[in-house]
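Protein chains: 2
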Amino acid sequence: MKDGAAPFATTLSSWMSGHGPSSDVVISTRIRLARNLRGFLFPPVADRETEEAVVASVGEAMSSTGPAAMDYSLYPLREIEQIDQWVLVEKHLVSPHLVEKDGCTGIILDEDEVISVMINEEDHLRIQCLLPGLELTSALERADRMDDLLASKLPYALHKRYGYLTACPSNLGTGMRGSVMVHLPGLVLTGQMESLMSGLNKVGAVVRGVYGEGSDAQGNLFQISNRASLGSSESEIVDNLYALARELIGRERSAREALLSGDRYEIEDRVYRSYGLLTHARKMDSSEAIGLLSMVRLGSDLNILSTRVGDAFPELMVRMRRASLQRVLGERLDAGDRDVERASFIRKRLQAH
Amino acid sequence: MKDGAAPFATTLSSWMSGHGPSSDVVISTRIRLARNLRGFLFPPVADRETEEAVVASVGEAMSSTGPAAMDYSLYPLREIEQIDQWVLVEKHLVSPHLVEKDGCTGIILDEDEVISVMINEEDHLRIQCLLPGLELTSALERADRMDDLLASKLPYALHKRYGYLTACPSNLGTGMRGSVMVHLPGLVLTGQMESLMSGLNKVGAVVRGVYGEGSDAQGNLFQISNRASLGSSESEIVDNLYALARELIGRERSAREALLSGDRYEIEDRVYRSYGLLTHARKMDSSEAIGLLSMVRLGSDLNILSTRVGDAFPELMVRMRRASLQRVLGERLDAGDRDVERASFIRKRLQAH
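Residue numbers (the numbering used here), protein chains in the order written: chain F, 249 to 601; chain S, 249 to 601.
No lab work stands behind these hints, which were simulated from the structure alone. All of these numbers come straight from a predicted model, not from anything done at the bench. One or more hints might be untrue.
From chain F, some residues computed to sit far from chain S (all C-beta separations above 12 Å) [unchecked claim]:
#, residue
1, P255
2, E300
3, I331
4, D392
5, D559
Pairwise CB distance ranges (calculated) [to be verified]:
#, chain 1, residue 1, chain 2, residue 2, range
6, F, E442, S, V451, 41 to 47 Å
7, F, T555, S, E495, 51 to 57 Å
8, F, E442, S, D350, 52 to 58 Å
9, F, E348, S, D585, 51 to 57 Å
10, F, S535, S, V454, 40 to 46 Å
11, F, S535, S, A583, 55 to 61 Å
12, F, G460, S, A583, 57 to 63 Å
13, F, G460, S, E514, 25 to 31 Å
A few chain S positions that, by computed beta-carbon distances, are all more than 10 Å from chain F [what the hints assert, rightly or not]:
#, residue
14, A309
15, D358
16, R475
Built from N, CA and C at the ideal position, the CB exists for glycine as well.
Please model the entire structure based on the sequences and the hints provided.
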């Protein structure tokens, strides 16, 4: 820990390890459950007093659960330095909305950062489970366990017919949403992404770039989630998303094979040039870096480069970002310095392999 | 020698060694003397019979000079494979005009490829001396020695008042032209090249890109020569060009210091990115390569990279070109293969350092 940094400021979240089922395509899986407490206004309309009462109730619930809660820490967001709040965003543990929101908010984290619970984001509780690779079932189990823990102490707002009540009606029912972060350089490079996105849309999936919009998303990283599904059970949603993910994995792998069996020098050239730039540049902005890292990851998946180089992808995609970079280096940096330090950090990290 | 390649197909010309006075800026010096034989029509208007008679006379002259001519070989151009004729162009030993011309032409070369004599180019004889670095005086001395050797056996066309008679009146007088090939990345990167070119023009110098025209010349390489100078002596022309070259060297060195004392990361980044691409790319066209090699040479001159890496510049700028590359590799290659083999050749050559 450096100059008052939060405990999570420089740790690796479990999903950043880079290893999991089908992790050549699926970087991470997320399950989130939206829950609200009976008798309190929903966060979008709550006053400060209500917000504080919610955080206090959650805090009491956690401390009264005994040994089961030992692995978890609750942080009121205002007690976390601004920069560390952004580290949480960069690690995908909280939404930008939670950090930007003016109000009394909080987060519960477990030690390996698999479970994170946002307090007073759009709902009183957003329980999230984030695992590396394609792990929808395990992620749902772990999210459910956290849900049970909280439910045993907190009065959830639950309706006989509508299920869990939520601030936005689109989340009614299970209050659950599943998503996978997928790396699709093959589909992007072979020009299939645009039509694929509209196809996915038609079968009820929501696709967005993790960094940037549409099929031009930086780093060829996309978040695929199921659309609102009042009336579906948790397992139906999970099964549906599994099927979608497997379809995508198949197509992405075929696209990569097509790249290799097409102009092999073309793809090798792109991969090696990216690696050459990442291991030599003296300054680099994050938008260029994510694109080059994506190519290196692809090269690693295709056995053009050593696999260990590609394993650094999830870690580097987080740590090279603005807040995390400063926490990793333990210094405050202006924009120009950040580009220099980012280049140096990536260079050393890749050359260590 | 590979599959019938000419002896000079894979050798290094002396100027390609990369070492000479002020060779951080001046890659090479060239002196050329235009000479014609009395009693023969000038090449632009000569018929085939005359051309053949000229080549025959020169051949007889060379073989009758005894030991002094031992170091020289005369090649009728039609006896040289097309690809090797282009190797001569790429090594700057003959003009493209000589190779493209339909007629009876020839070349005399010495062993270290310092002296080359084009036969039946625009004049019956074009004696050239090419040395690494800024070496006008030595180059003139060596060209003069070759001139004396030929003059002792051949009847030169000489006029009391106009001096050496030449096909183009602009060469009358000494028939001499001097030029230096200069590497000016500092002046180009600091945006001074355009105004400098017009300034040089005003003081009687001719500036052209070695690869491509104007201030956008590829590889930041320029050829500076004196303009036509009937009435000037050889030593006046040499002194004039020396002064020009020294002025340019001074300005280029100041520009490089300005780059280093400005945004140092900016210049280091450019240099290292170029090096990273050259040592990693799997295919590369010659236009990209010359630009990147120029940055690596600059980085070497500025001690950002090892000096030995920069020393390879003159050699690589020749050997990566179409004909030389095929001779060095000993294979005929189509355009796509050339880009792949060029990348591989440069990569290995730079990594050997």
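Results for each hint:
Separation of P255(F) from chain S is adequate, the least Cβ-Cβ distance of about 33 Å exceeding the 12 Å criterion. The claim that E300(F) lies off the interface holds: its Cβ sits roughly 47 Å from the closest Cβ of chain S, which is beyond the 12 Å cut-off. With a least CB separation of 24 Å from chain S, I331(F) remains clear of the 12 Å interface cut-off, as annotated. With a least CB separation of 47 Å from chain S, D392(F) remains clear of the 12 Å interface cut-off, as annotated.
The claim that D559(F) lies off the interface holds: its Cβ sits roughly 20 Å from the closest Cβ of chain S, which is beyond the 12 Å cut-off. For the hinted restraint 41 to 47 Å between E442(F) and V451(S), the CB-CB distance of approximately 58 Å leaves it violated. Here the CB-CB span from T555(F) to E495(S) is close to 56 Å, well matched to the stated 51 to 57 Å. Checked against the hint of 52 to 58 Å, the pair E442(F) and D350(S) passes, with Cβ atoms roughly 54 Å apart.
E348(F) and D585(S) have their C-beta atoms about 55 Å apart, which keeps the hinted 51 to 57 Å range intact. The beta-carbon spacing between S535(F) and V454(S), approximately 45 Å, falls within the hinted interval of 40 to 46 Å. Range check, S535(F) to A583(S): about 33 Å between beta-carbon atoms, so the 55 to 61 Å window is missed. Separation of G460(F) from A583(S) is about 36 Å and departs from the stated range, judged on CB atoms against 57 to 63 Å.
Taking the beta carbon of each, G460(F) and E514(S) are about 26 Å apart, inside 25 to 31 Å as hinted. Non-interface status of A309(S) relative to chain F is upheld: no Cβ of that chain comes within 10 Å, the nearest being about 51 Å off. Annotated as non-interface, D358(S) keeps its C-beta farther than 10 Å from every C-beta of chain F; the closest such distance is 40 Å. The claim that R475(S) lies off the interface holds: its Cβ sits roughly 42 Å from the closest Cβ of chain F, which is beyond the 10 Å cut-off.
When the structure is compared with the earlier hints, violations turn up for hints 6, 11, 12 and for no others.
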